[in-house]
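Participant: Next come the chains, spelled out residue by residue.
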Amino acid sequence: MTRVVGELLARSARLVPDRAAVIVDGQTTLTFAEIDARANAFAHGLRARGVEPGHRVALDLGAADWAYYVVAYVGVLRLGAVALLTATRFPDAELDRIVTGYNVAAVIRGPEHAAASAPGPVLDVTTVECGQPTTPVPVTVRPEDPAEVIFTSGTTARPRGVVATHANLTGAQTTWPTAVRANQPVAHALPLGSVAAQAVLLSCLGGQHTMVVASRFTVADFTALAHRHAVTTVCLVPAMGHWLAQAPAEEVTVVPSVKGVSFSGAALPVAALPDLPRVFPNATFFNFYTSTETYPARVATRVDPARPESVGRPVGASAVQVRGPDGAEVPPGTVGEVWLRAGNAPPRQLLDDDGTGSPVRDGWTRTGDLGYLDDEGYLYLTGRVADIVIVGGVNVSTGRVEQVLARHPAVAEAAVCGVDHPVLGQILAAFVVPRADTTARDLREHARQHLARAEVPAIIRIVADLPRNAAGKVVKRDLPALLDTPGEAEFVAPRTDLERRIADVWARVLQLGAVGVTDNFFEIGGDSLAATRIAGLLREELGLDVDAVAILEAPSVAELAATVVPDRKPEASWKG
Amino acid sequence: MSAPPSALDALAQALRDREDVVDAVTFRTSDGTRTVAAVVPGPLASLADLRDQLWDTLPAEQLPDVLVAVSELPRDEDGAVATDRIEAEAVDQPGTYTFRPVESATEIAIAEVWREVLGRARIGADDNFLDLGGDSMTAVLLLDRTNERLGTGLTLTDLLAAASLRELAANIDATR
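So the sequence lines, in the order shown, correspond to chains A and B.
Numbered according to our numbering, the first sequence spans residues 6 to 581.
Numbered according to our numbering, the second sequence spans residues 15 to 190.
Pulled out of the complex, with its shape left as it was, chain B reads as follows (with noise of 0.2 Å):
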């Protein structure tokens, strides 16, 4: 009798099984407090894209914390592949995506002009606005819907300085 899989176990199948994903692996990190998916994507996937429908297609509990795009997956000696060398090295890094949602007033105001502005029906409170297809023409755009909608006097370098959505809200709230 094998045991029945576990929800990391089914979450890399449903990755390894997509069209644009090379292959893929999922673990806990050493401390135990987050799950990992690194993927090798295909040539031309986004991972922004890719995110968004594990989003929308995986039950809750199967969704990671963190999704890591690596180049290959690196094993050691024995074949394994060494988790602890991806979470060394990809994990924490720009360019990576978690599923926390947005919860504060600020952040839940701040994901509806992104979500207007960048066109992406998912927003979550680590994204980065470059990483979701932002440039400073729709920064731009993006700060004057912003200091509209929540009254604040931010400005383009405030703006582009928060590395994510929680850090620009935090600051923004810290000045209230």
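Excised from the complex, chain A in its bound form (with noise of 0.2 Å):
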């Protein structure tokens, strides 16, 4: 009963040895008793080829890979060697940084890039376990031993190494199957080497289930995959969510044996959750919380329409407090730093940390996630720590403006982040993907009901889509990019005198040939001192009743034109 990674694989191979372990892409299929055997192998291979106890090991190994990297994987561990998850997502100088800094003692790739010049001694995976010995490599592995190093995603930050002992991986769940269990196929389209997919992959090999993994996320190609081997549960992140919810009829293969569909990494959209059933008619859907520096402390939810933007409340032995800048608890619905305790796990820790940037403080780790719980200790996400942004001297979280954005009705999805102006310092830019026909206007008018006056974006961008990293999560860093593109107009001629008159104003005080009557205040070099001038030449000129808050607040010719036209009594339109 040694609760060590490769053990629980062990188990599983003694009590199901030939039921599928993991499909992948419907095409290569390993049995829990081959995985046995061949991670074995691999670990022989490992050492006649240097590698020792405690030696890390690069799993550089891609989504085309899986079935390798599961074998790769347990194979590593078995030898008591650590796992670094490097999963293909670094360019050759920052794996090179990684291999030297962290010592690494082989770097394992797919064949099609293991020839490519790499750093430090690369190993092809296909040839590792070659003419090996399948019988356990003789090393006593222990829980309290180091076994895995994720990368953090850094959609914020640069990447950090995370370490994992066997004991917090298997802690996941305080017991583990003894006898045969019913199979529950899951099936996922998670990235290699994330925190998401590490826990389905350990829950499958220790829990007896069939992992069905998809190497790339279509809608087509993965309701196929999920109905040929009639999945019970799936597990993905919010965006696939969207992507399913929006996806056409005939790209949808409806899965009926599905019982439970798990979103990790955020809640799901609101949006997205009526039109799900269509593809999982049968499935609970749920909300599950974890980050690389906390797991397996977690919050899950069955998703609730009473509060279907709260991620849940903690499982098991987890623990979850809201805290504030002071280290101290904060009160139900007042948004702090979100830090989450596994109860029966030992935490995890940074790599090569030098103790001062140790995310563990008396057990509990901090997520730098921010949040609120509510009165019966449902969590609910509002952003990052690193996602506040300060308009305006107001500290504002860009997770809760998307929050209000996204409950708009034509709007399936947004994303919000500061970009910096040159006299305003931050203004709020929100980038929003539609579901419907919509404007800029509509949404800020939706915006300016449910938020406060510095929440309200300066800048509303109706795009396609966003970008995003091999996670489908948001990639905000990378948002500011897409104002250097035109938005849905590049110019809009007046098409009112009003209009006319007013563009005629913005041209001159801001200094510019023409100005469209879309284009956005700020972006064309607009602020508050320019909003200031032009609203007394309008009061002037045009005997308009506005001031300088008016033009902040409805930011476009078009959309001030609108506030002060209906009945030509400004005060009644906007003020009041």
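Under 10 Å between C-beta atoms, here's a sample of chain A residues computed to sit facing chain B:
{"#": "1", "residue": "Thr180"}
{"#": "2", "residue": "Thr289"}
{"#": "3", "residue": "Gly317"}
These aren't lab readings, by the way, just hints derived from the structure by calculation.
Yeah, the Cβ is synthetic: ideal placement off N, Cα and C, and Gly gets one too.
Relying on the hints, combine the two individually framed chains into one complex.
Facilitator: Below, the structure written as structure tokens:
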């Protein structure tokens, strides 16, 4: 009953040797007994090439290598070595820094990349186990030994390595099966090397479930794959839920066998919920949240129409706290940093941590995520700590703005970030993927009704899709670049006399040749001083009752004209 | 002549001899109705596995009524283990295991589903689904099979609200 990863698999291989353990893209199938034997051979092969217990081995394998990855991962761990899940995510220069900086003994690559010039001793994953015995390597691995290093996803910061021991990984469940268990096949398209993919892998290897992997996610292929293998569980990231909900019916294979669908990383976009039962008619939907630093501490909930934006309550022995800047817990409803604690597993640590940057204090681990708890202890995420934008001296959580925008019926998904403004410091820019016809003006009105003034985005841009990483997570640092390309309309000439006269004033103050009526005030160089001067001229020359705030709140000629046009009594339109 | 070791003493010795147990004490509850084994488990021991192994290896008369984990054995001033404190603080709390077998037809049918879904050889009447390695995903499958086999219309909430298998069975029987 040793609680190490290699033993979890060995137990499943004894109980259900011929059950399929891993199926990749419906083509490659490995049974539990096959993985068990081949992982032993892989461990012998590493040892024959000089890798020793305690050494670090980079598994630089991509989605095409999933089957080999499982063999190599268990093989490295059975040798007592540490698997660094670099997973082809890094350019050569960065991988080189990891290999030399962290003293990596071997880099395991797929056959197509093994020949390429790469740092350190590169091994082709397909050759390591060749000719090696399938008997266990005579190495004692202890639960407190390091097992794997995951690199954080780096949507807001540079990646860093997080070390998990065997005890941490196997501690995800207090109790593992000791007898044959009903197969509950799981399909996922999670990125290799992510904490969510590792959680599914461990749960399947130890829990005797078949793991059906899609090496890339398309709605058509994924639903067909899930149907073919009659999976009962599906694990996705929220963006995939969004794509499934949006897909035309002819691309979707309905999968009635699915009983549970879990979304990890963030709450499922609210707009996707009504459309998902079309794909999974018998499923219950769950939100699930953990982080690379805190796993196996986690929260989860059944997606509840009464609180669809919650990621849930702590699971099992996990515990959650929301803390303020002073480190003290804040009351329900107050946003702070989310801290998690795993009750029955030792916490993770940073790779080669010098002690200064450790996210762990007294068994609790900081997540870097912002959120709040409701009165019943349900957790809501509002963004990353790094996603706080200071607008006019006010701290704005971009996650909260995204949630409000996503509640608009025409919005499929929204991402919000701060962009630099020469005078105002930072202003908020929102990028919205629509699910129905809408305009920036409608969305701004919606935002204004539900958000504080500083939280209303200065720029609202309607886009076809958002920049994402391999996990489907929105990459916030790539959002500002979207503003470099023209928006929905490059130049819309004034359509009414009022628009023409307002545009004329704007052009004079901003010293531009011409101003289109959909041009955003902030994007064409407007600031509060310019707004004051424009308001003054509009009052003097056009007799309009507008002030600078009106311009900041309706930051295009068309929007501004619309606020003053209805009854020519502006005090009744936006004031009051 | 020392008295022959009682069943309780033999149990305590069997527990202390195990590698995954740091220390152990056995006692009878103050009202005399139940026997308790309190163990200080090793850092990674699973109490469910320990319970099953005792159930499979010990004679029935040595099995305690309750198996409970404590972080250390509390002692009073003269150094004796303060079993009254263990009884007050740990027995009848969540996370304890008992050895009461399932009895009624409903209990036996539910236990069969749990065995299949959770992959546990032993299922007791007081067992809690989550303590046996269940999670939200297995709960959905469990619910499905329970409703199918027993002809019930349980919801996920019904399933998770029941503290034990016996309570779930009683709730089902009450609605028939």
